[in-house]
Amino acid sequence: MYKVTVLVNRRRSILDPQGKAVELGAKQLGLTDVINVRVDKKITFQINTEDEAVARKEAEQLADKLLANPITEDFEVSLEKIV
Amino acid sequence: MSPRFGIVVFPGSNCDHDAYHATKHILGYDAKFLWHKDKTIENTDVVILPGGFSYGDYLRSGAIAKLSPIMEQVIEFAEKGGTVIGICNGFQVLTESGLLPGALIKNNSLRFECKDVFLRVENNSLPFTSEYQHHQVIKVPIAHGEGNYYADEETITELENNGRVVFRYSDSAGVISQEANPNGSINNIAGIINKRGNVLGLMPHPERCVDPVLGNTDGQGVFKSLLTVLN
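Here the protein sequences come in this chain order: G and R. In this text, residue positions in the first sequence follow the numbering used here: the first is 6, and each later residue adds one. In this text, residue positions in the second sequence follow the numbering used here: the first is 41, and each later residue adds one.
Hints are not guaranteed to be accurate.
Have a look at the derived ranges for each label pair, beta carbon to beta carbon [said to hold, decoys possible]:
#, chain 1, residue 1, chain 2, residue 2, range
1, R, Asn83, G, Glu55, 48 to 58 Å
2, G, Lys8, R, Tyr98, 13 to 23 Å
3, G, Leu84, R, Asp156, 43 to 53 Å
Subject to a maximum C-alpha distance of 27 Å in a straight line, what follows is the list of computed DSS-like cross-link-like pairs (lysine-lysine) [said to hold, decoys possible]:
#, chain 1, residue 1, chain 2, residue 2
4, R, Lys179, R, Lys264
5, G, Lys25, R, Lys155
6, R, Lys72, G, Lys70
7, G, Lys70, R, Lys235
8, R, Lys77, G, Lys70
9, G, Lys70, R, Lys179
Rough simulated footprint, nothing fancy, chain R against chain G, three-plus residues with beta-carbon under 8 Å [said to hold, decoys possible]:
#, segment
10, 23–37
11, 51–58
No wet-lab data here; the hints were simulated from the structure. Don't be surprised by glycine CBs; every beta carbon is placed ideally from N, CA and C.
Start from the sequences, fold in the hints, and give me the full structure.
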């Protein structure tokens, strides 16, 4: 069994209104040094196989076809074997 | 012969009945609902993907809807030349499913924008716009949080150079400006068409300005144009 973590990041060139809103909030808190806030996504799931190659292939397929929109987002997949 | 409209109902669609009312009751066309689990599209000339929040907008707007059984049929229908209109969330489903290029990202205002806007008709030689004059300005409502049209430079150039930008946000005089842009869309793009010319996606809601009782019938042109072509 593998535990998979997929980080979905909006491309840095694309406006991130949520990051902008958090940055405004930071300023309200008096934290004026806080800049370049980005709000990204972390998705976790498990794949019920003992074969790492299969797990990676399925995780990447899911990330590419559904979890991330390739036009606006990049993704990183990491695997961890669990017992 | 009047066109037969098929209006897709996803869990969370909320403009399906608006589209039905506009096409069936006001314009007098044949219209029916298509359930998201349906595996066939029969006796339909025009598919409408309506506005709303399909699957709660979970993950991204339109991301889950693109995988529903009916979308497989809609994609096949479009590839065979069938006419498809995606309105608001329907436009988001069309970009997610790859039938239209680009993506709809969060409004740069950070707000859900719900108001009347003016649109300039950029291309009136399409099956969806032949009832309008070139550069006619129409008033149509918008209601979205993620309508900010984005695509890479190459795609934008391709759309612009081939008359594929169908509607653009403008002021009441037809002037295109940042002030008239409600969501930050590149080049004030409000609606685009696919290369073949049979799939239209737009964020504004023409179906909400068809009934005269609401005081604005500027949206009728989109549906009446289809009548001319199908005949």
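> Looking back at the numbered hints, which does the structure fail to meet, lowest number first?
Replying inline: As far as the earlier hints go, 6, 9, 11 are violated by this structure, in ascending order.
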